[in-house]
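Asks: Generate the whole structure from the sequences, applying the supplied hints.
Heads up: the sequence lines are chains A and B, in that order. Here the first sequence stands for residues 1 to 642, numbered as in my numbering. Here the second sequence stands for residues 1 to 293, numbered as in my numbering.
Please keep in mind that the hints were generated in silico from the structure rather than gathered at the bench. Given the structure is predicted, the values throughout are model-derived calculations rather than measurements. In this text, a Cβ means the ideal position worked out from N, Cα and C, and glycines have one as well. Hints are not guaranteed to be accurate.
According to the in silico footprint, chain A covers these stretches of chain B (three or more CB under 8 Å from chain A) [said to hold, decoys possible]:
{"hint": "1", "region": "50-64"}
{"hint": "2", "region": "119-131"}
{"hint": "3", "region": "229-241"}
So the derived label-pair ranges between C-beta atoms look like this [what the hints assert, rightly or not]:
{"hint": "4", "chain 1": "A", "residue 1": "19", "chain 2": "B", "residue 2": "171", "range": "56 to 64 Å"}
{"hint": "5", "chain 1": "A", "residue 1": "637", "chain 2": "B", "residue 2": "263", "range": "44 to 52 Å"}
{"hint": "6", "chain 1": "A", "residue 1": "32", "chain 2": "B", "residue 2": "289", "range": "25 to 33 Å"}
{"hint": "7", "chain 1": "B", "residue 1": "151", "chain 2": "A", "residue 2": "23", "range": "26 to 34 Å"}
{"hint": "8", "chain 1": "B", "residue 1": "171", "chain 2": "A", "residue 2": "62", "range": "54 to 62 Å"}
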Amino acid sequence: MGFLWPVYLLSLAFVPVIIVYHVFRPKSTRVVVPSVVLWQKALTSSGRHSAWDRLVKNLLLIVQILVIVACTLAMSGFFMNRLVTRPEHYVIVIDTSASMASTDADPDRLSVAKAAAISYLRSLPENSLVALCEFNSTANLRVDYTRDRRSVEKVISELKVRNTSTDADSLLSLLAALAEGSSYGISIALFTDGGFAVQSNWLDESASKRLSVDVYTVGGQSKNVAITDFEIRRPPHGEGLPEVLATVENFSSERFVFPLNLFYGDTPVRSEFIELGPFERKVISHQLQAAPFVPIRLEIAPADHLALDNVAYTVAREPGSRSVLLVTRDNRNLYMALRSIPGLRVYTRAPGETVGASPYGYDLVLYDETPAGSVPATNTVVINSPGGFEDVSVLHEYEYATAIYVDRTHPVMRYVDERAIVAETGQVLTVSSDVEIAAYGRFGPLIVFGRSGQYKYAYFGFPFTSKSFLNSASFPILVYNLVSYMLESSDAVRQLRPGDSIYVPVESRQGPGSSTGSGVSAKITRPTGDTQEFEVAGDFLLYTDTYETGIYHVTVSNRQYSYSVNLFDPQESDILRRSGADSMDSRILKRSSSVTDASSSVSVFGEELHLLQRVDLRVPLISTALFLLVLEWSLYHKRWHL
Amino acid sequence: MEELFSKDFFRGLDRLSLVVDRDVKGQLRGERRSVKHGSSVEFADYRDYSPGDDMRYVDWNVYARTEKLLIKLFREEEDLEIHLLVDNSPSMRFGRPSKLLFARRLAAALSYIVLSGGDRCLLSLFDSGGVRSLPALRGRRAIPEVMRFLETDYPPASETGFNSACAAIAARSRSPGLAIVISDLLFSEDYRTGLRYLISQRHDVYLIHCLAESEVFPDLKGDVQIVDSETGEAKDVPVGPRLLRYYQNALEEFCEEAKRFCRAYGMKYVRLVNTTPFKEVLFRTLVSEGYLR
Numbered sequence: 001m002g003f004l005w006p007v008y009l010l011s012l013a014f015v016p017v018i019i020v021y022h023v024f025r026p027k028s029t030r031v032v033v034p035s036v037v038l039w040q041k042a043l044t045s046s047g048r049h050s051a052w053d054r055l056v057k058n059l060l061l062i063v064q065i066l067v068i069v070a071c072t073l074a075m076s077g078f079f080m081n082r083l084v085t086r087p088e089h090y091v092i093v094i095d096t097s098a099s100m101a102s103t104d105a106d107p108d109r110l111s112v113a114k115a116a117a118i119s120y121l122r123s124l125p126e127n128s129l130v131a132l133c134e135f136n137s138t139a140n141l142r143v144d145y146t147r148d149r150r151s152v153e154k155v156i157s158e159l160k161v162r163n164t165s166t167d168a169d170s171l172l173s174l175l176a177a178l179a180e181g182s183s184y185g186i187s188i189a190l191f192t193d194g195g196f197a198v199q200s201n202w203l204d205e206s207a208s209k210r211l212s213v214d215v216y217t218v219g220g221q222s223k224n225v226a227i228t229d230f231e232i233r234r235p236p237h238g239e240g241l242p243e244v245l246a247t248v249e250n251f252s253s254e255r256f257v258f259p260l261n262l263f264y265g266d267t268p269v270r271s272e273f274i275e276l277g278p279f280e281r282k283v284i285s286h287q288l289q290a291a292p293f294v295p296i297r298l299e300i301a302p303a304d305h306l307a308l309d310n311v312a313y314t315v316a317r318e319p320g321s322r323s324v325l326l327v328t329r330d331n332r333n334l335y336m337a338l339r340s341i342p343g344l345r346v347y348t349r350a351p352g353e354t355v356g357a358s359p360y361g362y363d364l365v366l367y368d369e370t371p372a373g374s375v376p377a378t379n380t381v382v383i384n385s386p387g388g389f390e391d392v393s394v395l396h397e398y399e400y401a402t403a404i405y406v407d408r409t410h411p412v413m414r415y416v417d418e419r420a421i422v423a424e425t426g427q428v429l430t431v432s433s434d435v436e437i438a439a440y441g442r443f444g445p446l447i448v449f450g451r452s453g454q455y456k457y458a459y460f461g462f463p464f465t466s467k468s469f470l471n472s473a474s475f476p477i478l479v480y481n482l483v484s485y486m487l488e489s490s491d492a493v494r495q496l497r498p499g500d501s502i503y504v505p506v507e508s509r510q511g512p513g514s515s516t517g518s519g520v521s522a523k524i525t526r527p528t529g530d531t532q533e534f535e536v537a538g539d540f541l542l543y544t545d546t547y548e549t550g551i552y553h554v555t556v557s558n559r560q561y562s563y564s565v566n567l568f569d570p571q572e573s574d575i576l577r578r579s580g581a582d583s584m585d586s587r588i589l590k591r592s593s594s595v596t597d598a599s600s601s602v603s604v605f606g607e608e609l610h611l612l613q614r615v616d617l618r619v620p621l622i623s624t625a626l627f628l629l630v631l632e633w634s635l636y637h638k639r640w641h642l
Numbered sequence: 001m002e003e004l005f006s007k008d009f010f011r012g013l014d015r016l017s018l019v020v021d022r023d024v025k026g027q028l029r030g031e032r033r034s035v036k037h038g039s040s041v042e043f044a045d046y047r048d049y050s051p052g053d054d055m056r057y058v059d060w061n062v063y064a065r066t067e068k069l070l071i072k073l074f075r076e077e078e079d080l081e082i083h084l085l086v087d088n089s090p091s092m093r094f095g096r097p098s099k100l101l102f103a104r105r106l107a108a109a110l111s112y113i114v115l116s117g118g119d120r121c122l123l124s125l126f127d128s129g130g131v132r133s134l135p136a137l138r139g140r141r142a143i144p145e146v147m148r149f150l151e152t153d154y155p156p157a158s159e160t161g162f163n164s165a166c167a168a169i170a171a172r173s174r175s176p177g178l179a180i181v182i183s184d185l186l187f188s189e190d191y192r193t194g195l196r197y198l199i200s201q202r203h204d205v206y207l208i209h210c211l212a213e214s215e216v217f218p219d220l221k222g223d224v225q226i227v228d229s230e231t232g233e234a235k236d237v238p239v240g241p242r243l244l245r246y247y248q249n250a251l252e253e254f255c256e257e258a259k260r261f262c263r264a265y266g267m268k269y270v271r272l273v274n275t276t277p278f279k280e281v282l283f284r285t286l287v288s289e290g291y292l293r
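Replies: Below is the structure:
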């Protein structure tokens, strides 16, 4: 029993006011009668002096006091707690993202979570229905509601860490679907090592009443050093052999000194010790002495708890010569940045110049502050165009807004210092959900990537005019990344995340878009060395089982493509223990506790089959107040008398 | 105030006479059969002749048959002393027409009948201030005086002194007669004591209980402070259907009790409501109840 807003209890001060009013209010009508003898007899006969009559005489006062009390209790959010039987539907949700491989728990976080989940399962009431969900970058219902505990236990024991990031939204969508599609209460046990940022409106009010979540946070005191970026690129300025760039980050408060080894194929080309302070990040570069035609591997060996992100792979191939058209009034900095990229043939045209301005025949066209047309004829970059482009619409222009938030994991934003980007003036954009957003400004998306048919497009919602931005080191890096991303083709380097799809266009014998008729053979060699062969019937090969990190070699029609798959997710590498309840929706969070050891008897449930449920009494109190008001009105108008 | 007597008020009253069930013992000659032997034409009895008796009353036929001298005795006819007591208390001033007006009209009609019948009429108005009476009147010539008396509006005293009024009337009586009491009986004192005074003087008592329509069916609702018109006593009463039922039961019980008391003492009792048409009261109700014929 309690009050949500006790300050409203001050309204009870109206009670003495009402009493004083009743004491001093004008009395009843005065009527002279021949004699009161008969009235006295009538009153005596009717039991006028009984307790009930004294009550009735003051009924109006009592009802008014009750109205005030009911309204006050309703306003102050009066509630009571009651013990209710736990729901008979249970859902076990286990986090299998990459961070669950951390060995800060014994033997690792997932094993502890699995043991705890099995313990939870065994402690559930007989005949209750249990479902099992697994979530990482997606959420999947692994076992639908069943009373067969052994099958659930078997699937739990078979769960493995997926080298993917954690997508809380997919989990919440699944929970919302479970709650909204049911008429019964659902108790969810969530075993995870992460926190969640939850939007307040992800679950409607009625569904939240049916959902209760116990969060069991898995993990102990952790420390981790990770490779969060690794790639080969040509020097931005000048010719020469490419260099290797890598980012190594320390996600703990400890200082680390550890060996770093770089392998060209299987040949070690660099070996050294690196020191990283608490939460320090370092970019490491290495000039290659030969063209990177073989996979390159970077290994670090810190004494940390997560090994998955201690190895990174990359593959590069020499890009072919590409032609780029720059449509601009006089953006020399942009032109010079493009010219500095090896292998590019850069052409420029002024806006409105018809000769040679057609995008056809170019691999990439950049429209700098000029309308880009409606139908993309090739890969297109649009910078601050007045009319927007494709899925990007311009609401209006803005001035003096500088705050920028960059998605550092996006390929175009690699090695770009977001503080260097200046967007004091620009456009307020609206975009469709199909686009990728690489940077946000104060008024919404600033850098947007999308796809139109077979072509890519990029949209920058601010002009490339600020001198501090154009003169910064990040500007040519951004342009390089942009061109590399836009011209990235099937035979170029592909950096993938675990779970990303490998997409390889297949050149059919009849030409693009037509039915191939007969299949094309394809072979995939996984990082483990396993080989899988396919018959590709359509225009492309799509391979999705990329949860192993390493190099995937794909051979289609005697052409070989290489893909490196790395975790490269700072959030996943940051395995410092967090409470999952910190940001969990308080409407559904029932309890949060910690699980650290699988060997001990983990009793995460079983202390009771009942739970304390808060009963909100505002609605009944308001109803009572309304009823009392009607009663008071009736009494006041003398509808009710002896 | 409404007019006490209309033009045709006395029409038909000559045909009515007051019913008295016993022989009277009056003072003057009248038209009522007396308990005394006298000189009327109505034979009463024989007695032996005594020297000095008037020879005209000797029954010669009996003497011829029996040779005994017997004197014929005849019934004496005397007048009756009729007291009319009208309640003039404040409680009688309620109703439309007021109970007092109703009672005065009734008293006027009864006085007319009494005086026309050759009886003595002693009309009195009583309240707590005492009794206002006319002297004993007789004969039609006294009718205007009675009417003037009744038309005069005497302001009432605050309370009814019914018992003392009855005691005073009883003390004034020189011979047993008839007492007609017209009142609402709403006294703070016990009205039965006063009635007993009258009976103790061997009066026949006719009680006419006047009630106002608004007393039978009170038009009250809600929280009301009722004030007694005579004592000024106030009471807060939450009037509702239930209490009205109890009030009407109390009124009915009050009337029944008065009726039982009258019957026990050989009095006549009739209950009248002020809204009843006056002719219906005189020619139907009082006739059927045996007051008039």
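Asks: Return the numbers of the hints above that this structure violates; sort them in rising order.
Replies: Of the numbered hints given earlier, those the structure breaks are 1, 2, 7, listed in rising order.
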